[in-house]
Amino acid sequence: MPRIAYVNGRYLPHSEAAVHIEDRGYQFADGVYEVCEIRHGVIVDLTRHLDRLDRSLSELQMKCPMSRAALTQVIREVARRNRVKNGLFYLQVTRGVARRDHVFPSADTPPSLVITAKITDPSIIARKNETGLKAITLPDNRWDRVDIKSVGLLPNAMARQAAKEQGAQEAIYIDARGMVTEGAATNVWIVDQDGILVTRPAEHGILRGITRTGLMDVTAKLGIEVAEREFSRDEMLAAREVFITAATSICFPIVEIDGQTIGNGHPGAMSERIRSAFFDIAEKTVI
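In the UniProt record's numbering, the protein residues as written are 1 to 287.
Among the hints, a few may not be true.
Said to hold, decoys possible - Lysine-lysine pairs mimicking DSS-like chemistry, simulated, CA-CA at most 25 Å apart:
#: 1; residue 1: Lys284; residue 2: Lys85
#: 2; residue 1: Lys85; residue 2: Lys118
#: 3; residue 1: Lys118; residue 2: Lys128
#: 4; residue 1: Lys164; residue 2: Lys118
#: 5; residue 1: Lys128; residue 2: Lys164
#: 6; residue 1: Lys85; residue 2: Lys128
#: 7; residue 1: Lys221; residue 2: Lys284
#: 8; residue 1: Lys284; residue 2: Lys118
#: 9; residue 1: Lys164; residue 2: Lys134
Note that these hints are calculated values from the structure, not bench results.
Remember, predicted model here, so these are calculated numbers, not experimental data.
Can you make the complete structure from the sequences, with help from the hints?
Listed below in structure tokens is the structure:
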């Protein structure tokens with residue numbers, strides 16, 4: 001079945017979906033996005049994703065193209081038309097189409113909205129959880145406002161490419177003080193030598209991941225102690241466990257970083273316990 005995309009009010013075959021060449025997302029990366037998991041026919045944590053979308057738009061002085069109720073209906077319709085039971089949807093809002101100029105266009109310029117959805121294979125994620133992933137570390141060279149989920153992802157793409165070229169699946173950013181910030185497309189967690197689950201505070205230097213927030217709910221439910229504090233690359237390498245979180249994978253264990261084995265070189269019990277409980281606790285929106 002051909003995929004269907006939503007582009008500015010129209011449902012189109014994926015192969016025909018397009019935006020104007022002077023869309024500011026294309027010209028300036030002047031836009032924001034969200035990616036949300038669909039599992040067993042429900043959208044996971046939709047409210048939090050749309051809350052973060054609203055925040056990103058507000059931080060960039062950008063308008064939402066439609067009401068939340070209407071946007072939710074479009075998202076559900078795109079998922080239905082693509083018959084996605086397990087997969088994801090991608091949503092992007094830009095400042096719209098206008099003559100190329102660095103300053104913002106007039107306030108009456110309508111924002112652009114694109115929504116796509118696709119089916120993914122749960123068995124691929126399951127295999128990665130069984131074996132764990134490898135990661136590399138890189139200096140954090142991104143702009144300061146990484147708390148905004150901007151479509152300006154060139155540094156992230158280059159980091160992921162560097163990881164691939166070194167036989168790894170994720171790149172973990174290290175700031176100028178030697179502290180871990182986050183992955184190229186993930187939040188980073190460790191289990192320290194005292195058995196405490198640690199993640200960096202989402203106040204500055206990282207994106208407040210929706211799965212990260214959901215895992216806080218899970219750990220509270222399971223009675224797992226979490227410390228929100230900075231940790232260094234050295235502490236990460238010495239940790240009992242390292243794992244990364246993202247909307248489309250929940251949490252992947254990391255078994256090697258920069259060629260150094262993490263823990264015993266196998267996925268840890270903490271990430272497995274959290275992952276197993278996540279879906280039962282997360283918000284579910286029926287498609």
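Hints versus structure:
1. Lys284 / Lys85: 13 Å, holds
2. Lys85 / Lys118: 9 Å, holds
3. Lys118 / Lys128: 20 Å, holds
4. Lys164 / Lys118: The given pair, whose Cα atoms are some 23 Å apart, holds under the 25 Å limit.
5. Lys128 / Lys164: 15 Å, holds
6. Lys85 / Lys128: Judged against 25 Å, a Cα distance of about 20 Å means the pair holds.
7. Lys221 / Lys284: Judged against 25 Å, a Cα distance of about 17 Å means the pair holds.
8. Lys284 / Lys118: 18 Å, holds
9. Lys164 / Lys134: Since the Cα atoms of lysine 164 and lysine 134 sit roughly 10 Å apart, the hinted pair holds (cutoff 25 Å).
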